[in-house]
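**Q** Sequence:
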Amino acid sequence: MKPRPCGCKGCRTCLICETYYGAEELKNLVKLDKDKGYVFCPFCNKAWSGWDIDVYKQHPYHEGESIDYPGVYIKLDFISEYEETELMRNIDEVPWDISQSGRRKQNYGPKTNFKKKKIVPGQFNGFPKFSQYLQDRFKTFDILKGYEVIEQCSLEYDPMKGASIDPHIDDCWVWGERILTVNCLSDSVLTMTPFKGDTIKYNLYCAKEYPPVVQDDGTVDMDFTSKQNMFEASKPKEDLDVIIRIPLIRRSLLIIYGESRYHWEHRVLREDIVSRRVCIAYREFTPPFMNNGVHEILGREIRDRAKLFWDHRQRYKEQIKCVQ
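If you use my numbering, the sequence shown closes out at 324, no skipped numbers anywhere.
Note that these hints are calculated values from the structure, not bench results. Please note that the accuracy of each hint is not assured.
[Unchecked claim] Straight-line C-alpha distance at most 30 Å; calculated DSBU-like pairs for lysine-lysine:
1) K307 x K317
2) K36 x K235
3) K227 x K208
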């Protein structure tokens, strides 16, 4: 099926195309067993039995059983209320593009074809200056040592459109270990389920070709000298049949890496979007695109472009006039 006016295509659907085109028949509905749910607590870094994210608010008086769930870091109040207001004002002055499953997006990064494993700088020329302070703030976290942003994507989730995102693992050929998300306007949930599929999917097999960045003790090794490969080093120590619910807390920063990045699919359920939510997602390169990597030259060109910041008011002045 061709892309529909709402932006959905294939089995992806939103409330708009489900209502007007009967596209709900295309969606592969798989009910999750909520009895298998565990909610990650950003205070004790354990996952506690339950489904509703309010479970984490019980800290330190948790009830039920807990399990370890590595590869998650949450910084609460990463931005202030004022910063959130100003950030959203600036974001909404930039034109939005339609995306799938009821979302809208603003994407800044190189042009990438994951299936053909091709990447070119294209028209990528850095990021809007109003977001520069977010990237500067990343440098204050030990776990983000050496982190170089090469893609920034704003995603809007609107409950009126039935916005969601299907289960997936971010591409492992080009996007590196640490996946960042800044959450704005409302709370939501990232739902994690174990991935048992073929490593061809998501180019997951590529993770066998480079070492981990975040070590077991939480330190960061940007020399890429480890003899371990990322895929094997991040394998779960236990084969758990559970569903992990990670709170996407308003104004927080979420970092997933290691096990949760490479061995679990993540999704945002429609039921977990109760009011407008905007997140700003960040990606870094895999080691082959960094210094001494096989794609170092191309990687350096894109990394150099990623150091640029521009005034969105100059670029989108006509759009801003309409907003005002």
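**Q** Measure nothing beyond the straight line between the CA atoms of K307 and K317; if it is 30 Å or shorter, mark the hint as holding.
**A** OK: K307 and K317 at ~23 Å, within 30 Å.
**Q** Is the straight-line distance between the alpha-carbon of K36 and that of K235 30 Å or less?
**A** OK: K36 and K235 at ~20 Å, within 30 Å.
**Q** Given the proposed pairing of K227 with K208, does the C-alpha separation stay at or below 30 Å?
**A** holds (11 Å)
Checked against the numbered hints given earlier, this structure breaks none of them.
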